[in-house]
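A.B. asks: Protein chains in written order, with the working numbering: chain S, 1 to 336; chain X, 1 to 336.
Check each hint, because a few of them may be wrong.
Stated by the list, open to error - With a cut-off of at most 20 Å between alpha-carbon atoms, the simulated DMTMM-like pairs for lysine to aspartate or glutamate come out as follows:
1. X:K244 x S:D282
2. S:K245 x S:E215
3. X:K330 x S:D282
4. S:K244 x X:D62
5. S:K244 x X:E321
6. X:K312 x X:D333
7. S:K66 x S:D93
8. X:K312 x X:D62
No lab work stands behind these hints, which were simulated from the structure alone.
For clarity, every value in this text was computed on a predicted model and none was experimentally measured.
2 protein chains.
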Amino acid sequence: MKQDTGVVISSRARLARNVRNVAFPEWAGEEECVKLCGELREALGNVSLLRGSLFLDMGTLDPVDKEVLKERHLISNELAERGKGSALAVTSDEGIAVMVNEEDHLRLQAISPGLNIADVWEKVNIVDSELDRKLDFAFSDRLGYLAACPSNVGTGLRVSVMMHLSGLRLMNEIEPVIKGMNRIGVAVRGLLGEGTEAYGNMFQVSNQSTLGETEQGIIDALMKIVSEVATHEQNARARLMEGKKIHILDQIGRACGILMRAMVMSSREAIDLLSILRLGIDIGIVKNLTVSRINETILLTQPGHLQKFVGKVLSPQERDEARARIVRQKLGDISI
Amino acid sequence: MKQDTGVVISSRARLARNVRNVAFPEWAGEEECVKLCGELREALGNVSLLRGSLFLDMGTLDPVDKEVLKERHLISNELAERGKGSALAVTSDEGIAVMVNEEDHLRLQAISPGLNIADVWEKVNIVDSELDRKLDFAFSDRLGYLAACPSNVGTGLRVSVMMHLSGLRLMNEIEPVIKGMNRIGVAVRGLLGEGTEAYGNMFQVSNQSTLGETEQGIIDALMKIVSEVATHEQNARARLMEGKKIHILDQIGRACGILMRAMVMSSREAIDLLSILRLGIDIGIVKNLTVSRINETILLTQPGHLQKFVGKVLSPQERDEARARIVRQKLGDISI
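If we strip away everything but chain S, and leave its shape as in the complex, we get (with noise of 0.2 Å):
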């Protein structure tokens, strides 16, 4: 099943995997680290959907950069807090990221746009095989996948949606989708990932555990609520329309120009003001102007991307003007 409505922004799938009879990364000493980090990295060079791949040490790679690759969702706060002996390995596309030494030895990914876990899973699933012929993984006959966190045995598999739910939050029922979904085991994260709010009205939908179910189940599953959250997301949007049309308009319009007018703005600020016209371009309210030039914008504003565009380190202040400035530019003139 394949939905482009603009509900969904991204699919992503990932496993967990470690090596046997090696200690996981939390215990390991930094020698056994970097002694596997070389295994690993020669493994995963000969996975054929990782041709041509970077290999990034956290070790050597400065502070921007880790932000920036943070802010794309290729790492987690947690292997950029690690040094030597950590790293990633991305391809060129950003379609595939393998943390390595993260929480555990492998944890493999596949992305996409859109409503697409079939096709991650089958890549994430394509590369795990690929290395089961060079590793030895740790496995359980009786638990399945062994990983550093009991949240993680079993499959070691977690699909995830990321979805844009700006109609039933300007509708005032988040709370209660939400609610529903952690009650048959979802998990709803910021945008951001782990204990993070849900700027711009995004939300990361995933499995909660991955014990005693089949890889297929867990994506059935979530395929299924997240199918049936989107409809309510649609519907949601559908009775702004009808009731609360002028409303949307004002919400739309107040963020056109602010977007356009102001010169100091948050991280937070832009990424809310840019999801609601995100909403608008889904909605055909706003016509001059892209979902990718929405998400492209989305990125350069924060923190990491917004450094490595000017080129330089700035203070806090100098990073609100500077998004402010290429907010501006980037979106030009909106009309609606």
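Fit chain X to the given chain S structure using the hints.
C.D. replies: Then chain X, alone, in the frame of chain S:
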């Protein structure tokens, strides 16, 4: 002394007068009020400065027209709530407005744009002198002119100026300035008179008491304070442009953006944002708008004027939509 810095929006002088041996309006019956109103109308008709005035009876005026007069500061809430036997005499340029049977039998007022206290005092003094020849005012040798409220006994004179104190507000220095004025016996009120908030950073500054001082003493004291506050405001603006220029530009930019793009707007928000634009004009940042266009727009966004302009009675929601539309039309494309 005349000063056109944009800080003082308008000046006003008013005298409270009552006819001897006639009950104050609050205690008089309707019949007595109507009788006196007729006599006062005749007397006012002979005053040279009031030649060609409109005479509007509160008993027949419709509610929207009363709103309009209130918004133009020509009548008080109290007069608007009265009916037959209370009235307003107003010159076509709105420079002189006499409330008949408000709290007192007569409230003679002269109003002028900018800082013109001497001028408005002179006008109101002339009207008073001419009336004094026809009417027998309640006067005590010991107390001066008598009035319904003790605070108006004495000269019956209140002089006030409307000040635009955005600079002090943005520098967070408005509170001590207001407290300082209160301490030395100066009343500070919001835009819409007694008990109202300071919409749009506009403050009405006036003498508190009218007893035990000469008219010239009251005027001189207020002039001195107004000049001091105006200087404080100018200093605040200069410091803002020095140290916080980007924040001023940001505030003005955001105000422009919202005013140009919002589809729903409350009266309070309109005044607040237009007040920021006004500051932008005063300090030379907003180029293609005039202060008089801002003033006109502020008036038009108030409920009475808005309904008069649209030509029908509107619900609050309809007003908020009409207001946003009118603001967009009036301001056009603001360039900074």
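A.B. asks: Give a verdict on every hint.
C.D. replies: Against the structure, the hints:
{"no.": "1", "hint": "X:K244 x S:D282", "in the structure": "violated, 38 Å"}
{"no.": "2", "hint": "S:K245 x S:E215", "in the structure": "violated, 42 Å"}
{"no.": "3", "hint": "X:K330 x S:D282", "in the structure": "violated, 31 Å"}
{"no.": "4", "hint": "S:K244 x X:D62", "in the structure": "violated, 33 Å"}
{"no.": "5", "hint": "S:K244 x X:E321", "in the structure": "holds, 12 Å"}
{"no.": "6", "hint": "X:K312 x X:D333", "in the structure": "violated, 28 Å"}
{"no.": "7", "hint": "S:K66 x S:D93", "in the structure": "holds, 18 Å"}
{"no.": "8", "hint": "X:K312 x X:D62", "in the structure": "holds, 12 Å"}
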